[in-house]
Amino acid sequence: MSVPYSPSLHAPLISSPQSQSQSQPQFYEQGIVYQGGYYGDASGTTGDLRRQVLDEVEVRELLIDHVGHRCCWGSRPARTWKIHAIEDCNVYVGTLETFTEERDTVVEKELYSGGSIEGKDKGPETGIWELDLRSEFPVLFVPYKESRLRIPHSETIEKCSGCDGRGNTVCPTCNADQDSGFYKEGQMTQCTTCYGRGLIAHKDGSDTICLNCKGNGKLPCATCESRGLIKCQTCQGGGSLLTRKVAVVRWRTRSTRKVNATSGAASVPDDVFHRAKGVQLCNNQAYQCTPAYFADSYFLNKFSSEVIAERPSIPTTARMICERHTISVVPVTRVTMTDRNRSFSFYIIGNDREVYMKDYYPSRFCWGLCPCLEWLKL
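The sequence shown begins at 577 in this note's numbering and counts up one residue at a time.
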């Protein structure tokens with residue numbers, strides 16, 4: 577398999593579409609944002625990796641703000657219920673993004689109206705992996721991009737399969753009962769105006785010639801005018817088609833995601849953690865990523881290996897361009913509020929401190945008749 581790109585394209589491209597248009601991209605064999613002490617360990621961590629600490633005032637304000645955006649939720653429990661417990665249950669999120677390029681061949685056909693074609697007599701047909709698509713190459717790790725390119729010297733002229741090269745097909749109206757390839761000319765249909773008499777009867781007992789069939793009682797086939805044949809719709813009567821091979825190239829990012837949550841946060845869907853903003857502990861980019869190494873955390877080393885082990889499968893028609901492996905810690909605080917024998921819990925997730933409540937809130941009045949749509953879980 578030949579390589580149509582320079583080797584630098586197989587290394588991670590750390591840029592955006594905007595920055596690419598302004599300057600030449602920079603390439604790296606491996607990019608590491610942070611790889612050291614794990615979240616919550618004071619040794620070897622920066623100030624940005626401090627454990628999220630919330631006091632009761634902040635917790636209550638966040639909940640009141642969350643409830644205030646829901647028109648059918650009462651604020652009294654958020655304002656007056658006692659904060660019974662505040663528990664840290666941070667979550668680790670690992671991702672492996674595999675950026676691949678896939679090339680397939682499809683055959684396109686069009687009407688052939690004569691003239692020269694770009695066939696093998698003009699040169700050897702270019703292999704699908706020999707096509708130069710550098711001008712189409714996207715920014716790495718885009719979700720999906722597709723391009724199509726005609727394969728040089730792949731055009732041929734072939735006999736139309738719809739009419740076997742004759743340019744005509746048997747009329748389906750007046751020759752529907754004929755064997756394939758056989759037809760009869762002059763097939764007529766009964767006139768629906770005079771019912772085959774050729775005459776129109778009047779109340780006074782007189783007859784006049786039917787104007788619809790001119791007295792014949794029969795009409796020629798409306799589809800083929802009783803020729804028995806109609807023009808082939810595939811080749812439009814030409815009998816031949818121009819065929820060519822077209823390369824369909826798809827760039828896509830195949831992602832593996834894994835969440836490690838403590839029992840306190842196990843009830844929160846993984847998608848919530850994937851959307852949340854946390855602190856990146858490592859960000860490795862390479863042709864093929866290997867597990868990250870943390871000098872002071874066996875757990876993170878094991879977690880990274882588990883993420884890498886779930887590398888997505890790549891089709892035989894595709895090849896890997898590069899990979900990006902990240903491990904982040906998402907700060908999660910579980911809060912339990914009580915009032916006598918009643919209680920409910922909610923979560924404060926991510927650096928943006930978004931409130932997530934799975935089901936129960938003690939003061940909800942939505943019955944599906946208001947615009948909040950809470951009953952649809954939207």
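Derived from the structure by calculation, the hints contain no laboratory data.
Take the hints with a grain of salt, since some may be wrong.
[Said to hold, decoys possible] Pairs of lysine-lysine residues, derived as PhoX-like cross-links and limited to a Cα-Cα distance of at most 20 Å, are as follows:
id : residue 1 : residue 2
1  : K807      : K685
2  : K834      : K760
3  : K794      : K696
4  : K834      : K794
5  : K853      : K834
6  : K853      : K735
7  : K853      : K698
8  : K760      : K696
9  : K685      : K735
10 : K790      : K807
11 : K760      : K735
12 : K685      : K834
13 : K794      : K735
Predicted model, so just to flag it, every value in this text is computed and none were measured.
Checking against the hints above, which ones are violated? Of the numbered hints, 2, 3, 4, 6, 7, 8, 10, 11, 12, 13 do not hold.
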